[in-house]
Amino acid sequence: MSDNILLEVKNLKTYFHLDEGIVKAVDGVSFKIEKGKTFGIVGESGCGKSITAHSIMQILPPRGRIEEGEIILHRESGTVDIAKIKPNSEEARKIRGNEIAMIFQEPMTALAPVYTVGNQIQEAILLHQNVKKEQAREIAIDMLRKVGIPKPEERIDSYPFEMSGGMRQRAMIAMAICCNPSLLIADEPTTALDVTTQAQILDLLRTLQKDMGMATLMITHDMGVIAEIADDVAVMYLGKIVETGPVSEIFYNPKHPYTIALLKSIPKVGEKKRKRLESIEGMVPSPYELPTGCRFHTRCPSYMAGICDRAEPSAVEVNDGHKVSCFLYGGNENE
Amino acid sequence: MPSRDFERRLDMASYILKRTLALIPMLLILSVLVFIIIQLPPGDFLTVYVQRLRESGVLINEEEIMRLTREFALDKPLYVQYFTWIKNIILHGNFGRSFQWNKPVSELIGERVAMSAIISLFSVVFVWIVGVSIGIISAVKQYSAFDYFFTFIGFIGVSIPGFLLALIVIWIAYSKFGIYISGLFSEAYVDAPWSLAKFFDMLKRIWIPVFIIALSGIAGNIRIMRANLLDELGKQYVTVARAKGLPERRLLFKYPIRIAANPMISTIGWTLPGIFSGEALASIVLNLPTIGPMLNQALLAQDMYLAGSLVLIMGALTLIGTLISDILLAWADPRIRFGSGGGDN
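Protein chains in written order, with my numbering: chain A, 59 to 393; chain B, 12 to 356.
Careful, some of the hints might be misleading.
What the hints assert, rightly or not - Examples of chain A residues lying across from chain B (beta carbon under 8 Å, computed): (1) Met115; (2) Ser147; (3) Arg151; (4) Gly155; (5) Leu169; (6) Glu181; (7) Ala182; (8) Leu185; (9) Lys326; (10) Gly328.
As the list claims (entries may be wrong) - Per the computed footprint, the stretches of chain B lying under chain A, defined by three or more beta-carbons under 8 Å from a beta-carbon of chain A, are: (11) 249-262; (12) 267-279; (13) 338-346.
It should be emphasised that the hints constitute simulated quantities derived from the structure, not laboratory data.
Each residue gets a CB set at the ideal place from its N, CA and C atoms; glycine is no exception.
Based on the sequences and whatever the hints tell you, model everything.
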């Protein structure tokens with residue numbers, strides 16, 4: 059079982075030390091990613107899903123810091139705790155872009171405007187592989203072909219502004235996979251694209267994953283994307299995972315009131331009556347004044363006064379691999 | 012089949028050619044403006060010249076007057092005068108005559124234009140190297156002591172005019188150290204012909220005027236570079252490059268600094284007029300043998316051929332500077348070179 063684990067995140071805490079106070083962007087998150095599988099993290103903006111990804115990559119903004127926890131990468135030659143490595147050290151740079159690669163949300167701004175896409179892809183290859191420039195160019199052309207860019211021999215000399223959004227995201231993916239990473243982190247890879255392009259990019263990611271045998275960490279706010287691509291899911295709310303499990307469990311047997319509310323707020327095609335889309339009451343609380351107890355209690359329809367606002371619920375396994383942190387299902391061993 | 016690379020080179024070449032050709036009409040317009048300035052004071056320069064001679068009681072040589080009239084076509088209509096003036100400049104390097112000095116303008120300004128060019132060039136280089144490097148450090152180490160210090164210096168530099176700073180520097184140097192900073196050469200070399208020793212003497216003294224002229228430019232560049240770079244540092248491509256595993260310093264120079272510098276390249280062109288006028292004021296105060304003080308005197312004395320020639324030369328240099336900065340920008344930024352602008356869709 060544990061042979062299949064690629065990345066293990068244990069009790070990860072990433073805080074931002076700002077003038078206004080400490081923001082606990084990620085506050086005790088644990089999950090495991092299996093080799094070759096897709097793990098999805100879903101949640102509203104500001105729930106800490108991107109910061110979790112940035113923590114794994116060690117590319118946090120200047121004021122963000124991993125305070126606690128482990129990020130264990132399993133390799134054939136042993137394990138390494140990424141959280142213990144200095145972000146700018148050579149060791150960290152050898153993992154970044156090589157073993158763990160990342161694609162980003164905005165294909166429009168993710169490529170620098172003054173270099174050709176070929177230049178930017180070859181840079182990654184030359185950085186991590188011991189090849190000559192001409193070979194790097196060949197690899198880059200191959201990669202562009204792999205991600206479905208037509209006429210890659212020509213497009214490799216294109217500047218990003220000469221490409222459409224979908225093409226740029228494909229080029230970004232080519233850049234990320236050019237060193238055969240064992241884990242690809244996709245941070246909202248389809249959010250900025252139109253719907254047809256979104257579907258193509260998801261298809262592409264799935265095909266590549268199968269071909270190259272890499273694991274994917276899919277960060278998104280879109281339940282539809284999760285349903286389409288993920289094997290396992292974690293639902294995050296305000297820096298904590300509230301529910302996690304296999305994708306079918308989460309969709310067909312959701313337990314946490316937040317997950318249930320999220321699923322209800324997806325518009326469904328072919329619904330008979332025209333009715334208002336359900337939404338979650340209230341706003342995401344300010345990160346400087348997190349609610350006491352369960353962080354969702356201020357918006358929770360099943361709120362139990364005197365319990366939910368007193369203590370934080372711990373994770374309870376309700377089914378095989380399906381864990382939920384909610385007092386409705388126990389979880390009060392913290393008392 | 013021409014390769015993509017070849018096409019791009021061709022694009023660049025045609026861009027440079029187009030830009031250079033566009034310089035010609037601009038130079039023509041400039042020359043017409045300068046000619047109008049020369050013609051603005053009442054009477055042509057010969058009448059003024061003759062009148063001056065008469066006032067000082069010098070005997071007037073009729074033949075000389077006839078020759079000058081012919082040389083500048085003063086008896087012909089204005090447009091003929093204009094073409095004669097241009098022809099003289101282009102074919103013979105003859106910029107007309109300064110009646111104030113009673114010498115051909117070209118003889119008067121040669122060395123001064125060179126001095127101005129040297130000081131301006133030094134200033135531009137200084138403004139760039141110092142301003143941009145401080146701007147980079149300020150942005151990378153935002154809100155550090157270094158950043159705060161140079162932000163303060165920057166505001167002072169932008170607000171104090173060069174001539175005032177020159178006066179303050181002269182006063183401090185004289186009252187505290189007993190040194191009289193004036194001129195570009197020490198006494199031994201002022202009237203000496205050019206030699207290596209004179210050149211080194213100049214290099215020793217040029218720093219004070221260069222610093223004074225450059226200060227406001229440096230301050231401006233610090234502000235612009237810092238702001239540009241802070242903008243770029245927040246962009247996604249920086250995070251992407253970091254995610255590739257690029258070492259931080261290489262990343263900074265290859266991506267954000269490179270891109271933040273682009274808008275600055277385009278400003279080289281219009282910093283030139285600022286440098287020229289700053290140089291003129293500082294030169295007057297510091298008594299430097301550049302064209303600034305000469306232009307000032309020529310305008311006061313209505314020595315119009317001299318003043319006009321100086322304006323023409325400075326204008327032409329500014330246009331050429333702008334051309335160079337345009338070409339540099341096209342070389343640095345492919346979005347300019349290949350036209351399509353942002354091209355987002």
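Hints violated by the structure (numbers, ascending): 2, 9 and 10
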